[in-house]
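The lines below spell out each chain.
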Amino acid sequence: MTSRPEDRRDRPWVFRTYSGHSSAAASNALYRTNLSRGQTGLSVAFDLPTQTGYDSDHPLARGEVGKVGVPIGHIDDMAVLFEGLPLDRMNTSMTINATAAWLLALYQAAAERSGVDAGVLQGTTQNDIIKEYLSRGTHIFPPETSMRLISDMVAYSVDAIPKWNPVNICSYHLQEAGATPVQETAYAMATAIAVLDAVRARGDVSAEALPRVVGRISFFLNAGIRFVEETCKVRAMTELWDEICHERYGVEDPKLRRFRYGVQVNSLGLTEAQPENNVIRIVLEALGVTLSKKARARALQLPAWNEALGLPRPWDQQWSLRIQQILAYETDLLEYDDLFDGSRVAEDKTREIKQAARAELDKVLGMGGAVAAVENAYMKQNLVESQTLRSQAIESGEQIVVGMNRFTETAESPLTAGQESILTVDASAEREQIERLQAFRKRRNAVEVENALRNLKDVLSNGDNVMPPSVGAAHAGVTTGEWADALRELFGEYRAPTGVSRRVATDVSDETASVRKRVHALSETLGRPIKILVGKPGLDGHSNGAEQIAVRARDIGMEVVYEGIRLTPDQIVQSAADEGVHVIGLSILSGSHDVLVLDVLDLQKGCAADGVPVVVGGIIPEDDAAKLLDAGVKRVYTPKDFDLNRIMAEIVDVIAEANTGA
Amino acid sequence: MSSPRRTLAPDLASRVLSHERDAVSEALNLADDRRPQQRTEAVALLDRLERESEFPGAIRIGITGPPGAGKSTLLDALVRCLRPRGVTVAIIAVDPSSQRTGGALLGDRIRVRSGAGDPGSSSGRWPHATASEASPTRRAERS
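Just so you know, the sequences run in chain order V and S.
So that you can map any letter, position 539 of the first sequence is 539 in the numbering used here, and since no number is skipped, the others follow by simple counting.
For the numbering used here, count along the second sequence from 1 and bump the result up by 1000.
Treat the hints with caution; some may be incorrect.
To be verified - Interface residues of chain V toward chain S, partial, derived using beta-carbon atoms under 7 Å:
{"id": "1", "residue": "L284"}
{"id": "2", "residue": "N376"}
{"id": "3", "residue": "V500"}
{"id": "4", "residue": "G527"}
{"id": "5", "residue": "P529"}
{"id": "6", "residue": "R554"}
{"id": "7", "residue": "D555"}
{"id": "8", "residue": "E559"}
{"id": "9", "residue": "V561"}
{"id": "10", "residue": "A577"}
Claimed, not checked - The following label-pair restraints were derived from C-beta to C-beta distances:
{"id": "11", "chain 1": "V", "residue 1": "F440", "chain 2": "S", "residue 2": "A1077", "range": "40 to 46 Å"}
{"id": "12", "chain 1": "V", "residue 1": "D641", "chain 2": "S", "residue 2": "T1064", "range": "34 to 40 Å"}
{"id": "13", "chain 1": "S", "residue 1": "I1059", "chain 2": "V", "residue 2": "D653", "range": "41 to 47 Å"}
{"id": "14", "chain 1": "S", "residue 1": "T1064", "chain 2": "V", "residue 2": "D630", "range": "43 to 49 Å"}
{"id": "15", "chain 1": "V", "residue 1": "A393", "chain 2": "S", "residue 2": "T1073", "range": "35 to 41 Å"}
{"id": "16", "chain 1": "V", "residue 1": "G250", "chain 2": "S", "residue 2": "I1059", "range": "57 to 63 Å"}
{"id": "17", "chain 1": "V", "residue 1": "D653", "chain 2": "S", "residue 2": "T1064", "range": "33 to 39 Å"}
{"id": "18", "chain 1": "S", "residue 1": "K1071", "chain 2": "V", "residue 2": "V345", "range": "47 to 53 Å"}
{"id": "19", "chain 1": "V", "residue 1": "S396", "chain 2": "S", "residue 2": "T1064", "range": "34 to 40 Å"}
{"id": "20", "chain 1": "S", "residue 1": "R1039", "chain 2": "V", "residue 2": "D653", "range": "46 to 52 Å"}
{"id": "21", "chain 1": "V", "residue 1": "R313", "chain 2": "S", "residue 2": "R1083", "range": "47 to 53 Å"}
Hints in this document: simulated from the structure, not taken from any laboratory.
Idealized CB from N, CA, C, for every residue including glycine.
Please build the complete structure, drawing on both the sequences and the hints.
In structure tokens, the structure reads:
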């Protein structure tokens, strides 16, 4: 008798939730709760100082400590983060890039200290620097140095931590930045090739080991609301990766050519307006990466329904976890073979995406590969262009977003009412983390730290593998800032191209034309063109919104000063003064607006930028917006403000008001 | 709310000549201003600066080229080469503005890295600016 379908269910993917905040102890408690609710893997979110290599007491860390993730400054923090969790059995994914080698070293050192051998550790360091340059913005070093650090980790882990995925090629952030399915596919493949080519060129990874190295490359994808197309996208990527592994790297074992990927579904399309609708969006997006068995995600993390409003609470995260559990355990999805094999529609669409992605991939390889296409801004410009087209389509209503640009009439939602509807990080978290860090510095052995840092620098200058001396430094008590400073000293820092300098040829709507007329008239009155500074203070690297504002401001005839991410309030005010701008626009998504915007307002006083009006955009809860307006900010914009022309018209009003009587 | 651009002080030229960074910024705003009165003032200012400059008849060099040609890299190298000799440097970057919209993107200027954080060099982009010269700054005096 044949077994019933429900008796041969596939094992479900790994359930994760991207989380971490405030401190190692608070995050540890959160992880335990999540695991007790049926989560099967961990996904660690680090705060921005940890991601960009600064200690919590560094001036650039101000306002950012514990905000978007957990601060990890040294081995003790790492030990507290995983206290009581079985590191030998845990599958831990770390969203860490520029400082990935360091956080892996801390993880290994913390495991070793608790008696767990590095050889059994399982998990993933994200470690995809290309998409940081393109979208996420937590890079530190120039591309060449970054690629060396990545290939060091690959070469090290293939023997030392063989179950570790040292690199997780991320197309997730490319879609968030506007990538079409074809661009997402092509640029992910180009990035994976850049990493593998770098490893192959090293000389210390034998030809026999190369297939195993290829087999450790994993991916991290996005899944948007067009879930049929997304299903075909993951099928196309699965086929394309298999072909690349075979053709380019000669991998014969089909197991090592498997396209292994995790997913966080789309955040870009989640709305602040009627946020309860996001739950439905999240479910549909999860289908796109689970329906097709042969291209199914290995791990899934779902965002919370209210993340466009602020930090989600534990209950919000639980709701997203329940979506995964219902999909995996209640539905019959895991009982069947691939649903799309033999479907002409799916196969045609898959072929179409694959062919177009191949052509785009060849183009990038033709210009020297992913690194070259970062440096010459080719990929970034294409993403900015795609994002511009997308936001224009939403503005014009051509692309429908329910509850935002259509069907906006709504009864009052009982879900969003009340002040407690998002999580706020306790303001004392930063101070307490700094106190713990300073106490740690006092109790460690200064001589050991000094020796470990000298050893690290020697190894880096010799061109040897960064991992062994980093693990040594982790044991010795070196801090995150010290490790990164040692590398900064040797390799310098890198500012990626902003990608907004290319003309986007688009039809101009009547609204755009009418704002442009007002800009010209006001420019005439003021004697010179209206000049706007678009600034991103702090460590937050999510620049997609700032770029869209910059592009539109230019298109309506303003002169736009946009210098990319990670500026201090001091640099922004100085630049506003030097350039003689008429308005300052600040964009912050990390939740540090309370500190950084007030710093800008303070610094303006008494300098040449005194009186220049300030407008702010970002993920800013209502209460905070009121505070900023009280402090003197002229306008505050949040994700529900999708109409760029209206924003521009209001900015023109703000400038006109500030200059009456000029 | 006061106007973002303060009224033109009569001693703007002296302030520029005494290397006051904000004054240079004001002077550039003036040079950029198309209104008739401001035009006249700008010409007078430039005349006076030319007369009283420490370096009358200074040579003006423009660096231009298509994207990716290496302009920023060359500027970076020039700044690195000049600064150790005790010379102060200002970079006046000029971007083309669109004929159709009048808009312009003045980006990536701090990619000239050696300038950042060095009080003896400053850079700014001015779509319509002529050349000028700036030097140690209020920020330097503050810090």
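Here's how the hints hold up against the structure:
1. For the restraint placing L284/V at the interface with chain S, the shortest Cβ-Cβ distance is roughly 37 Å, beyond the 7 Å limit, so the hint is violated.
2. Proximity of N376/V to chain S holds as hinted, the smallest CB-CB distance being about 6 Å (cut-off 7 Å).
3. Because the closest C-beta pair between V500/V and chain S is about 6 Å apart, less than 7 Å, the hint holds.
4. At about 4 Å, the closest approach between the beta carbon of G527/V and any beta carbon in chain S falls short of 7 Å, and the interface hint on this residue holds.
5. A hinted interface residue such as P529/V counts as satisfied when its beta carbon comes closer than 7 Å to some beta carbon of chain S; here the least separation is about 6 Å, so the hint holds.
6. Annotation: interface hint on R554/V holds; nearest CB of chain S at approximately 4 Å, less than 7 Å.
7. With a cut of 7 Å, the hint placing D555/V at the interface with chain S holds, because the nearest CB-to-CB distance is about 6 Å.
8. Taken as an interface hint, E559/V checks out: its beta carbon lies about 5 Å from the nearest beta carbon of chain S, inside 7 Å.
9. Taken as an interface hint, V561/V checks out: its beta carbon lies about 5 Å from the nearest beta carbon of chain S, inside 7 Å.
10. For A577/V, the interface hint holds, since its Cβ comes within 7 Å of a Cβ in chain S; the closest pair sits about 6 Å apart.
11. Separation of F440/V from A1077/S is about 42 Å and conforms to the stated range, judged on CB atoms against 40 to 46 Å.
12. As the Cβ distance of D641/V to T1064/S is approximately 39 Å, the hint placing it in 34 to 40 Å holds.
13. Checked against the given bound of 41 to 47 Å, the beta carbons of I1059/S and D653/V, roughly 45 Å apart, stay inside it.
14. For T1064/S and D630/V, the Cβ-Cβ distance of about 47 Å falls inside the hinted range of 43 to 49 Å, so the restraint holds.
15. A C-beta distance of roughly 38 Å is found between A393/V and T1073/S, which places it inside the suggested range of 35 to 41 Å.
16. For the pair G250/V and I1059/S, the supplied restraint of 57 to 63 Å holds, since their beta-carbon distance comes to about 59 Å.
17. Taken as a hint, the range 33 to 39 Å holds for the pair D653/V and T1064/S, whose Cβ atoms sit roughly 37 Å apart.
18. Remark: the range hint 47 to 53 Å for K1071/S to V345/V is upheld by a beta-carbon distance near 50 Å.
19. A C-beta distance of roughly 38 Å is found between S396/V and T1064/S, which places it inside the suggested range of 34 to 40 Å.
20. For the pair R1039/S and D653/V, the supplied restraint of 46 to 52 Å is violated, since their beta-carbon distance comes to about 28 Å.
21. For R313/V and R1083/S, the Cβ-Cβ distance of about 52 Å falls inside the hinted range of 47 to 53 Å, so the restraint holds.
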